[in-house]
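Asks: Residues per chain are reported as follows:
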Amino acid sequence: MLRESMHAGGKEVDVRGVTTGFDGGVDIAHAGLLVDWAEATVLRDAAGIVAARGALRPLLGEAGLVDAAAVIAAFHGFVRIADAIGIPYTGAAQGRDVPELRAEVGINDFYRLRGAAPPPA
Amino acid sequence: MTAFQFEAGNSIAIRDDLTDAHESAWVAIGKPGTWLTGAQRVAVAAEIRHAHGCAHCARIKAALSPNAVAGQHAGRGALGTLEAGAVELIHRVVSDPGRLSERWTQEVLALGLSEGEYVEITGIIAMVMMMDAFTRALGATERALPAPQAGEPTRHWPAGAKKQAAWLPLVEPEDATEADGPLYPGPKAGYIYRGLSSVPQSLRDYWALANMHYLPGQFVYKFDSSIRAISRPQVEILAARVSALHQCVY
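Chains as they are written, first to last, in my numbering: chain A, 1 to 121; chain B, 122 to 371.
Where hints are given, some of them may not hold.
Covered by chain A, according to a simulated footprint, are these stretches of chain B (three or more residues, beta-carbon under 8 Å) [what the hints assert, rightly or not]:
no., segment
1, 216-225
2, 239-248
3, 359-367
Pairs of lysine to any residue, SDA-like flavour, derived with a Cα cap of 25 Å [said to hold, decoys possible]:
no., chain 1, residue 1, chain 2, residue 2
4, B, Lys-309, A, Pro-88
5, A, Lys-11, B, Asp-345
6, A, Lys-11, A, Gly-32
Keep in mind the hints are simulated off the structure, nothing from the lab. All figures in this text were calculated on a predicted structure; none of them were measured in a lab. All residues carry an ideal CB built from backbone N, CA and C; glycine is no exception.
Go ahead and model the full structure; you've got the sequences and the hints to work with.
Replies: Structure below.
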C-alpha cells in the first residue's frame, strides 16, 4: 500500500525501511517524525510521544495530527484481528502483496513465516 | 461525558465522525454481545488494559520461543468461567500478537473458550487497543470503561461460517445470509474484513470504528487522493511501520 501510494504520485520508496527503519531518504513529508510518533505510541514511550507530537503539531496542524494519530491507532488494532484469527496473508492488498515484495521488505523474517513452507503464490 | 478529555493547554479539536465513532464503540462494548454479557465484555476491556503490566507477558515477549515460557499471567480474576482461556487470549494478543500460531489458538480454545467467544473477545481487544492508542498518541485522558448493560447475548452463529482459510471460521461473502445482518459492503471483501465475520455484530462494531480511523472501504484502493488531512503516503508509512513493529505479516 505504501509503494502503491508513492507510485500514484510518481515516486519510489525503498520499502525495506518498513522493517529496518527509514534513514531520512524517503520522499514523504515529515516521515521521520511520523515514524518516531508511531513507534513511541506502540512502545508506550510517554516522553517520545510528547516530543514527536510537539514537533509535528506545527507541521501538520490539528486536523493532520488527529488523522495521523487515528491511522497509528487503527493499525495498532488491525494487527490483533489478523494475527489472532490467522487470516491468510497471501492475496493481501488485492494481490499486490506478492512474494517478492514480502522478501524485499523483510517480512519473511517475521515469526509466523520463519521456517514456513513457501506459500502458494 | 465527551469522548475525549485533555489536560489544560493540550486541547486538540477532533473531527465529529471520529468522536461519534468512539462514543458508539464504548456504548457497544458495554452492551450484551453475541456470546458475552455486557458485564463480561467490560471485564474483557478491563483485562486488556491490565495486561500491559503483566510480568509473565514481559517474559514471553523477551523470550526467543514464546510458547516455552513457564508461568502464569497476572489476571484480574473477573472473567468467571471464561478466565483461563480469556486471560491467555487477551494477554498474548495484547502483548505479542505477531508470534501466535494455529496450535496456540487450539490450546486457548481447549482452555474452555468457544470459537464465538474467542472471536468476540478478539474484536473487543482490537477496538479497545485502537481507542486507547489514539488517546495515548494525542495525550488525552484514557476513557473510563462503560457501565455494563443488562441483557442476554444473542448467541447467533452464522449458518455459513466455516473453517477453511483461517485458524477460526469465517463467513465468505457468498455464504452470508439475511439472518447475519449486513456483513460486507460488496461482493468482494479482503480477509481483514472477514476476520470477525463468524460474530457478525463484532464485525459491524469493529468496522464502524476502524473506517473512521483509517479509510472506508471505497477509498482504500484510491491511491491518488486522500480524504484525510495528511497525504496518502503519510497514511501508508504510518500503517506499514506500525504493522512491522508488531511483526504482522498481513
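Asks: A separate judgement is required for each hint: does it hold in the structure or not?
Replies: How the hints compare with the structure:
| no. | hint | result |
| --- | --- | --- |
| 1 | 216-225 | holds (count 6) |
| 2 | 239-248 | holds (count 7) |
| 3 | 359-367 | holds (count 9) |
| 4 | B:Lys-309 to A:Pro-88 | 15 Å, holds |
| 5 | A:Lys-11 to B:Asp-345 | 12 Å, holds |
| 6 | A:Lys-11 to A:Gly-32 | 17 Å, holds |
In this structure, none of the earlier numbered hints is contradicted; all agree with it.
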